[in-house]
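Chains as they are written, first to last, in the numbering used here: chain W, 1 to 418; chain B, 1 to 418.
Since the hints were derived computationally from the structure, they do not count as laboratory data. Some hints here could point you the wrong way.
Where chains are identical, the list cannot tell them apart; a pair therefore holds if satisfied intra-copy or between any two copies.
With a straight-line Cα cutoff of 25 Å, these simulated BS3-like cross-link-like pairs (lysine-lysine) come out [said to hold, decoys possible]:
| id | residue 1 | residue 2 |
| --- | --- | --- |
| 1 | 242 | 383 |
| 2 | 288 | 242 |
| 3 | 288 | 250 |
| 4 | 349 | 383 |
| 5 | 288 | 32 |
| 6 | 288 | 371 |
| 7 | 326 | 32 |
| 8 | 371 | 45 |
| 9 | 326 | 349 |
| 10 | 383 | 32 |
| 11 | 45 | 288 |
For reference, the chains in residue letters:
Protein chains: 2
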Amino acid sequence: MDMKTSTATLRIDGQRLWGALMELAAIGATPKGGVCRLALTELDKQGRDLVTRWAREAGMTVTIDRIGNGFMRRPGRNNALPPIVTGSHIDTQPTGGKFDGNYGVLAGLEVVRTLNDHGIETEAPIEVAFWTNEEGSRFVPVMMGSGAFAKAFTLEHAYAATDTAGLTVQGELERIGYLGTEEPGDHPIGAYFETHIEQGPVLEDNGKTIGVVTGVLGVRWYDCVVTGMEAHAGPTPMALRKDALQVAAKLMQEVVACAHRHPPHGRGTVGMVQVFPNSRNVIPGNVKFSIDLRNASEALCDTMDADIRGVAARLSAESGLPIDVKLVTSFPATQFHADCVEAVARATKALGYSHMEAVSGAGHDAVYMAKLAPAGMIFIPCKDGISHNEVEDAQPEHITAGCNVLLHAMLERAGVAS
Amino acid sequence: MDMKTSTATLRIDGQRLWGALMELAAIGATPKGGVCRLALTELDKQGRDLVTRWAREAGMTVTIDRIGNGFMRRPGRNNALPPIVTGSHIDTQPTGGKFDGNYGVLAGLEVVRTLNDHGIETEAPIEVAFWTNEEGSRFVPVMMGSGAFAKAFTLEHAYAATDTAGLTVQGELERIGYLGTEEPGDHPIGAYFETHIEQGPVLEDNGKTIGVVTGVLGVRWYDCVVTGMEAHAGPTPMALRKDALQVAAKLMQEVVACAHRHPPHGRGTVGMVQVFPNSRNVIPGNVKFSIDLRNASEALCDTMDADIRGVAARLSAESGLPIDVKLVTSFPATQFHADCVEAVARATKALGYSHMEAVSGAGHDAVYMAKLAPAGMIFIPCKDGISHNEVEDAQPEHITAGCNVLLHAMLERAGVAS
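Input sequences plus hints: build the corresponding full structure.
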């Protein structure tokens, strides 16, 4: 029997995967159908315990590193090869859903269970990782486990992070029994794949089952301040006003126009606004607001940066009101490795799923993995594009499809022992 | 000697008036040069005591009504005639200035002192009023004393108003000794004049000394809510957003455009904005903001109302986002009586002061008086158009000029006994 032919027809067990998702979602379940399982809490421990028990039952070994990342390993024929890794996170937002992160971890487990069912040996080992504190809801920074693994910051920095009660990451890792001994990053990765709900509306809007993720948008965060002159709304004629809000409103609209000037991936959002003195009959003297600009490459982010600064300078000159635009944070754009993107695309096509190329607008653990190894992501639709919300939902057939794509992309990279 | 000729050369004593203003301003003086003399406080009592002492020293009788309004009367030759009244208020904002209100009262006192100096008897009596709680800083509603006098609301309603400590207007009037017995409104008024700093920048901008006030703008206050859909700023492409802030920003600019479409007195202000959830990386799902529209007649206010509602309906149709525009308060426009406006204009021209017609954008006690009798106002410039602020300032020569105009306008209405 030709091994390649036999694995081509291989499919994961969608019902088993769905069942695992629902069982994990019961830990920290909220009345509205969501999940609250914050990083390094007792509930996170219960989630980790369940997932690692399942892994051991599937014959995998479990390694925990010093930041609490877990690596669940299925040996290959050649264990000198770096493992082909998949994974995500099992911590959630305070009012999170059942799928964000959890799907990526349990899809990896389902891949292993499927290989076990069919007695398939891979050339390279396969590993399923769960990364500590991806959400950043309890401890900052976000993507803490994968970030520490990629040495984006020091372990000491992560350890010292405290929650609102003053408890530290290090103390909580120890308390829940997930303070391992392996040095984060001292762990080879041959390639990395991550399945995830899209957290946006594009796949649903286009009626596609699979998003072949080519990269993650770069992000620039700015604080913007327009300074005018407070004055009484009654006695001050229009021509003699220095209305900070009116100038700010123009710039807010230009943030969106700037995104439209840099398609297809340009994004511009004003999410936060503070008006001073914020009184009904006083012309605003000062308006502070946030700008969030995103695009698919650093070059495009640079272009948008220059664009919005130019617009702000023009509006300032036209109005005579000072406008301060200050960059406060940035996350570089990530392009996933062509080999991984193509492995995902090939698997999707072979499986016959409707699909499209996608970019991720939000950060994921895969962004840090892409610094260390070829990486790629697989998106499936989520209902109305909503996540970080208890109403977060996904269709069982999409859950199954994404996992089948993961299976075949990993098999391509790991190689099937003949 | 022809009496008309003799009063034509009559001038008030600018130094005495300035001195009275500075002496009154010492009661509640703030370190930054302003005044804090909130209505019905111990300081307000001290201010009232000083002003009524000066009035009695000038031979006037003092009547206090049940809302604490004071009427300081100089008899005429024919005391069956209704008095020609001037006045304003002596309470201030918490960080108020020396001139707002206080000028109007002390200018009236200076008119009487000047008539006394020259032994001039008027036909009709002359009265100087101080109206309780014009500012509304401590007790709501604003313009309480003149409003109760004009029966815009009941005395019981005013009495029941409480400050943040729970103290009532009635209790505080009693405590400071200014709970009189005369029924508010049971007091004839032949004509009413009020001198006031402009509280806006128009006179200064035009280099004019006197504003001949023709009326007070009508005001419409609205609450406006745009409802969109909250979504993550990263994964949501521009075309699939329902960004409440972007639609709100357009409507905010239309508020100003609407004012410009209805010159010369149309005014449009957005002073207060609340964005939900007001998070940097979340597309706003809901934006609430205030709209303040003003114009010189009810017809023009109605036109602006229809204009902004039409624009909101169009923006809602274009964007697909519901926009709710709700009228929450309105103050009708006031046209001052031609006889009083012309008396002010004639006096100004006879005195040779530079002048222009003006409308008041803010409310004044004169608005309520205009419901009861012919009324008019005299504006003088204030520095940078700023009031309700400790830096509020006015030039002594303008203070003098406004009082000279008041003198001659009142003499015209009261008639000089020959």
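Find the hints from earlier in the document that the structure breaks and name them by number, from lowest to highest.
5, 6, 7, 8, 9 and 11
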